[in-house]
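Here are the chains, one letter per residue:
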Amino acid sequence: MRWTASIFAALLALASAPSQAQAQEYPAKPIRIIVPFAPGGIVDTAARVVGQKLHERWGQQVVIENRPGGNGFIGVMATAKSPADGYTLMMAHTGEFSVNPAIFKDVPYELERDFIPITLINDAPMVFVVNSGVPYKSMQDLIAAAKAKPGTVAVSTPGTGSIQHLLLEWAGLATGAKFLHVPYKGGAPAITATAGGEVPAGSAAMGSAMPHITSGRVTVVAVTTGKRSAVNMSWPTLQESGVPGVESSIWAGLFAPKGVPQPIIDKLYGELTKILEMPDVKERFAAGGGVPGGMPPAAFKAHIVKEAAGLKEVVIKANVKAE
Amino acid sequence: MDIIANLALGFGVAVTVTNLLYCFLGVFLGTLIGVLPGIGPVATVAMLLPLTFSLDPATAMIMLAGIYYGAQYGGSTTAILVNIPGESSSVVTTLDGYQMARQGRAGPALGIAAIGSFIAGSFATLVVALFSPPLAEIALKFQPADYFSLMVFGLVGAVVLARGSLRKAIGMVVLGLILGLVGTDVNSGVMRFTFGIPALAEGISFVALAMGLFGVAEVIANLEQRGKNREVFTSRLGSVLPSRGDLKRSAWSIARGTGLGSVLGILPGGGALLASFAAYTIEKKVAKPPRDFGNGDIRGVAAPEAANNAGAQTSFIPMLTLGVPSNPTMALMIGALMIQGIQPGPQVLTQRPELFWGIVASMWIGNLFLLALNLPLIGLWVRLLAAPYRLLFPAILVFCCIGVFTINNNASDLFQLVVFSALGYLLIKLGCEPAPLILGLVLGPMMEEYLRRALLISLGDPTVLVTSPLSLAFLLAAAALLASIAVPLIRSKREEALKE
Amino acid sequence: MRIKSPSDFWCGLLFAAIGIAVLAVAGQYRLGTAARMGPAYFPTLLGGLLLFLGFTLTVPALFKDGEPLQKLHWRPLLMVLLSVAVFGLALAYLGFAVAVAALVVVASLANPDLRPLETAGLAVFLAVFSIGLFVGLLGVPLPLWPGGS
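Chains as they are written, first to last, in the working numbering: chain A, 1 to 323; chain B, 324 to 823; chain C, 824 to 972.
Just so you know, these hints were derived from the structure itself, not from any lab. These numbers come from a predicted model, not from an experiment. Just so you know, even glycine gets a beta-carbon here, dropped at the ideal spot from N, CA and C. Any given hint could turn out to be false.
[As the list claims (entries may be wrong)] Some but not every residue of chain A turned toward chain B, in silico, with C-beta under 10 Å: (1) S138; (2) A193; (3) G207; (4) P211; (5) A287.
[Said to hold, decoys possible] Simulated coverage check for chain A against chain B, where a stretch passes if three residues somewhere in it have a Cβ under 8 Å from a Cβ of chain B: (6) 35-43; (7) 53-67; (8) 155-163; (9) 196-203; (10) 214-221; (11) 226-239.
[Unchecked claim] Derived CB-CB ranges, DEER-like: (12) B:I808 / C:P891: 46 to 54 Å; (13) B:L749 / A:A298: 52 to 60 Å; (14) B:P456 / A:P135: 26 to 34 Å; (15) B:Q674 / A:R228: 23 to 31 Å; (16) A:A309 / B:A809: 42 to 50 Å; (17) B:L799 / C:P935: 17 to 25 Å; (18) A:A286 / B:L489: 57 to 65 Å; (19) B:P811 / C:G855: 53 to 61 Å; (20) B:A574 / A:S138: 42 to 50 Å.
Bound conformation, chain A alone:
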């Protein structure tokens, strides 16, 4: 009797011991990465690039599962409810953790309560663009026009409450200019509208604007990151264009549900830093102006928390509502 009990106890200990043994065996079965979007786009691409590399290095299948819809709520909640064993991860972006809490009253998840950020994967700038046929040639021109005739200079964005929209409002707050926000249903229609001259300007992800930048239909007047972009060093930043203190980007990052043992997080982070150093990965992200991330989990979390607070302030001050 006693020995069965002790064996049982030992087994129990073995089963519940998180620690080294588990991390060494990890991954012992296929990993799935949930993407709260349809295939294609910056977040899905980040997941596929990383998934492919993890598969090559670990020999385990990495399945990308697209769970689109509901402003990302559906995919995020599916991840939050998954077992915290390291076999379900999520590739999410600025929208889920920095934008949604700022614009929605009831967000069913919380970063702190439900997730462990692992690391930032791809950090891509946004751009302010103008139709090449309009008289505005710089961000300063655009701001001056919006100040001269408030509410008449139309700027396209991929939607109300998108990061591009918040960025536009933020730039307005910082300069006192009042733009006419024209929302579209996604990035492609928005940039197409600027390229076709339906609206004179646009706030867009660099990746989705790239085709029309190359074709010359639109001209970049500012990039939104703190530093100029390696894609074209002649494009000024917002700071340099008289928009003080405004700095933003679209990042994609990997998350795990809360409760995944620390050794597994460490192992994933270690592997990802190596993957993000690979030239082909860098090249893949660079097409859309992206820079591979790799910041440690704690720094990544701090980055999100700071960004979310900043955007919340923009939303309150500019009175953006997603009622």
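For this one, chain A is given, so just place chains B and C on it according to the hints.
Okay, now just chains B and C, sitting in the frame of chain A:
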């Protein structure tokens, strides 16, 4: 001539052993999965998409295009055989196609769909090859006001689709418009009619609605005919291929459908869908004698099928050059392009000519495969209908459920299916036809979006709707169409009154 | 008073009821003006239009003869709807294989001349076929068995 060089480049890419093989594989798998009742083109493409990730971009796109045609034709097949339209553009096919199937003429219906699609596809491919660059420019010139007026025209046309009561048909369009409101309002970001359900934020699942209103509701209606269960379809098989007379009767319908589809497909967003509806409306107005429409007229299958396939080809123009999808399936294909590291846009034509022209060439080859594959298979599909309905209907339900689920991997979409099936059954019982509802659902949100955007950009000046010549033309056409519906109605009422 | 055209009458009532519901929900949103439409503008317009259409169907139906109402058959309706709902629930908790089989069994109850053996065979066949095709061949990520994620 540039065009010859371009096409030569295209065929050079498309006619390699590898690419021919993947083109065939795409068409084959697309047809195979798409022909399962309930698994429409969106679900088919979503399921087969991962097969292309490991291929190089041109091969991947060629295979995907093949999958797309295959799935689309598969969707038309189920529309005809079991009244389940795979996507919005094959809704019209159910009107006469399913009636033909019930009369034992499934074979000719499927045959004319295949032949019409092939002719339309070949012609539209030529249009794409000849006019792509200028056409992309035209699409860019379309302003929100023009789109709004086009949608108005389309919705007026939707009313013509109905056979029965005009008031009920208008009601169905309005109900469709209302269902289309569900989801996030593009202009304000407000979530309307979502009742706190996250799955509804992006609107009602079109597939769940179409499967419910058409497929599942039809299953329920068929089941209630006790004892007659085995006679949902006539046991008489009839001829498998369209007769010479059928072909002769449909020739002009195919031509008109092809022309309409080629033109409307170029418009980003909704163009290809409008094509099939508009083609049917026009047939109903011009074809002589018009009496059979809605009761299994072969021209009611030929015209919309030709239009929908021509539209499917030419909608590659806005897809590849602007990155703007014309339907959910195209949106998936854009996703696939981006996974390949290609951002759709005008530069595709100049920077990746081999990709662009390779796809154009493979379009034609794909259509040829489609015809060669499907004509012999028609006999098999028709014979499947002879299976006892008690075995057929659970299979239909299983595939409908799988089709609805796999699009978003979301079980809550299945509960939408339950709701819409009940609604569909109720509508059948009340003598309402669901086809106009579908058009309202798809066009409604766009109509509102474009109108409000037009007014937003014009700073609230409504004259934009008539100062743009295109917009004015569409509005006038809509008014003329409305008059053509209303005048005979008023006249017949008066005659009726005089008789009494 | 006798309803002379029941089909139109009930259809009109359904339209009117939906119209009123739409108007009620739309009342929560901002209306705006014709030049600057708010999120409630279109819904209010459409709800009103459907309500009006409802009346044009219902009121004449009281006076003018028309089609009778078709009889509702509850058994196929409920069983088929139930089978889809069961599939949805079973998929979430019991996995795909059980879900397909459960759907087939419940749906078969819609048919008065039930053949248990045939139904069981069909359930097994469709489960095996769908798993083989979608999961085996195409690798669609479906939860197969109970407890699977």
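Cross-check of the supplied hints:
1. S138: With Cβ-Cβ at 23 Å, over 10 Å, it is violated.
2. A193: Hint holds; A193 (chain A) Cβ to chain B Cβ min 9 Å, cut 10 Å.
3. G207: Because about 6 Å separates G207 (chain A) from the closest Cβ in chain B, which is inside the 10 Å limit, the hint holds.
4. P211: Hint holds; P211 (chain A) Cβ to chain B Cβ min 2 Å, cut 10 Å.
5. A287: With a closest approach of 6 Å, the A287 (chain A) hint holds.
6. 35-43: holds (count 4)
7. 53-67: holds (count 3)
8. 155-163: holds (count 3)
9. 196-203: It holds: at least three residues are needed, and the stretch 196-203 of chain A offers 4 whose Cβ sits within less than 8 Å of chain B.
10. 214-221: holds (count 3)
11. 226-239: violated (count 0)
12. B:I808 / C:P891: 46 to 54 Å: violated, 27 Å
13. B:L749 / A:A298: 52 to 60 Å: Holds, at about 57 Å.
14. B:P456 / A:P135: 26 to 34 Å: 27 Å Cβ-Cβ, so the 26 to 34 Å window holds.
15. B:Q674 / A:R228: 23 to 31 Å: At 24 Å between Cβs, range holds.
16. A:A309 / B:A809: 42 to 50 Å: Since A309 (chain A) and A809 (chain B) have Cβ atoms about 60 Å apart, the given range 42 to 50 Å is violated.
17. B:L799 / C:P935: 17 to 25 Å: Check failed, 56 Å falls outside 17 to 25 Å.
18. A:A286 / B:L489: 57 to 65 Å: holds, 59 Å
19. B:P811 / C:G855: 53 to 61 Å: Because 38 Å falls outside the window, the suggested range is violated.
20. B:A574 / A:S138: 42 to 50 Å: violated, 59 Å
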